[in-house]
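*Asks:* One-letter residues, chain by chain:
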Amino acid sequence: MKSLYFILGVVLFLSGCSEHLVRVMPYEKEYFAQDKMSLSPIGERAEQEGHIFLIREASAGGDSSFQGGCGCR
Amino acid sequence: MSLMKVLLSLMAIALLPLSSFASNLKDSASVGFNSYSDTGDVQVYSPTLSLFKKVSTHWMVGFKMRIDAITAASITNGANGGQVDVVTGASKSEDDLFDDVRYAPTAMVTYDDGDNTFTMGGYYSSEVDYEGKAIFGNYVRQLNEQNTALGIGVSQSFDIWKPVFDRALPKDNRNETKLDLSINQLITPKFSLQAVYSYMYSEGFLSSPYHYVPQNDIAKFENYPDKRTGQAVAFKGVYLLNRDNAMNFSYRYYTDDWDISSHTVNVEELHDFSRNFTSGLRLRYYTQTKSNFVKDVGTYTLNDKYFAVDYRMSAFDSYTIGIPIIHKMKDGDKVTASIDYYQTTDNDYIKQWYGVDNLQAIFTTLTYEFDY
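Sequence order for the protein chains is A and B.
Heads up, the first sequence is in this note's numbering, so the first residue is 1 and it goes up one at a time.
Heads up, the second sequence is in this note's numbering, so the first residue is 1 and it goes up one at a time.
Keep in mind that a hint or two might mislead.
Here are the simulated DMTMM-like cross-link-like pairs (lysine to aspartate or glutamate), alpha carbons at most 20 Å apart as the crow flies [what the hints assert, rightly or not]:
1) B:Lys328 - A:Glu19
2) B:Lys334 - B:Asp244
3) A:Lys29 - B:Glu131
Distance windows between CB atoms, simulated [what the hints assert, rightly or not]:
4) B:Val335 - A:Met25: 25 to 35 Å
5) B:His327 - A:Met25: 46 to 56 Å
6) A:Val10 - B:Asp331: 41 to 51 Å
7) A:Ser40 - B:Asn216: 40 to 50 Å
8) B:Asn216 - A:Gly50: 15 to 25 Å
9) B:Ser261 - A:Ser40: 16 to 26 Å
10) A:Val10 - B:Asp166: 28 to 38 Å
11) B:Arg167 - A:Ile55: 19 to 29 Å
12) A:Glu30 - B:Tyr197: 27 to 37 Å
13) A:Met25 - B:Asp27: 42 to 52 Å
14) B:Ser126 - A:Gly50: 17 to 27 Å
15) B:Asp27 - A:Ile55: 10 to 20 Å
16) A:Asp35 - B:Asp27: 16 to 26 Å
Honestly, the hints are just simulated from the structure, not real lab data.
Every residue, glycine too, gets a C-beta built ideally from N, C-alpha and C.
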């Protein structure tokens, strides 16, 4: 139950309890529309290397994306 | 069960205020070709296709297809790939261009109203010796005038091993559960941060059915524990250095109950050479510790409970350096490409299995993306 309360608390806090989290106005977001300002500037590379690193290394996760299973793992 | 309660409660709360803002959905498609080649004699050639179609203001369906044409797949005999595998009896047919061809379609449906994005879908993968099936769902909630984005993703796979030779596995399934929680926050007009937490649980036959202990006094296949729980936390950011340059960086820490832990650092600098052409340089460093059941090469005994000869169960580092390319065309279409060089540090198990001191690989992507 502690995890549930923690997550609920985070959601409520981020849902509107903090005006400080509105740090960028809509008219200031032009830079984030640029390709180079993306967390994954090349989506296909992110998908492919996510699969390769999953096969060639023993770690996983931290990428918030789905990677299907295959026999090479 | 408690984890499921948390997930359901969180999703119920987040879905309550579904609004009717304009969606960001659009009809789009891409075709691509990826490749992978390494000094372990593995080559993979992968045509890809994706198609996304809006079916209403807020709903979109999508389909992705990936085909992996593989040579020197797992059925070959390590460093002796040209010979018939003395343990498995498997060998490549002279008539086959590839050792294996993997077909991996993914279908998905997305709801998006501008503040809420929900995606769910199914994945299928078919190889000669492995069948993968999975379902996944992902929900992202925009908050604070879209300065903050909360995300939750869940996936569950139901995979089946089908060894190409007659071997009765202790279990033939491999099921994996994955939960991702993420938060994105815009910090300034030039700086955004993301934090991701992942929980992963695997159970079933988790080693390869083909790897065996190459010691004269032991005739044993690999044998790992049949359960594994891992967690990862990652921090990512992108910062606009000046009008033409941006820096992308990430750090991930991973740990699991096999005592493997790792650190991954990735840095990428992208430069706008013109309005339509962007390129740069990426560097990645990875280091991991060994599992708690792997032993040094040649030191296994018949009394050991677990056997591991896969280098991924041992300690090693790896380095990646690559070049990304993004070219925007006048009509809005986009061509992206990348080439990366990957190398591990020297490793005894790599030398034993692949016959080289370390693994070196080159992987590439080439994709044409367009709206229609």
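*Asks:* List, from low to high, the hint numbers that the structure doesn't satisfy.
*Replies:* Checked against the structure, the hints that fail are numbers 1, 3, 5, 8, 10, 13 and 15, while the rest are satisfied.
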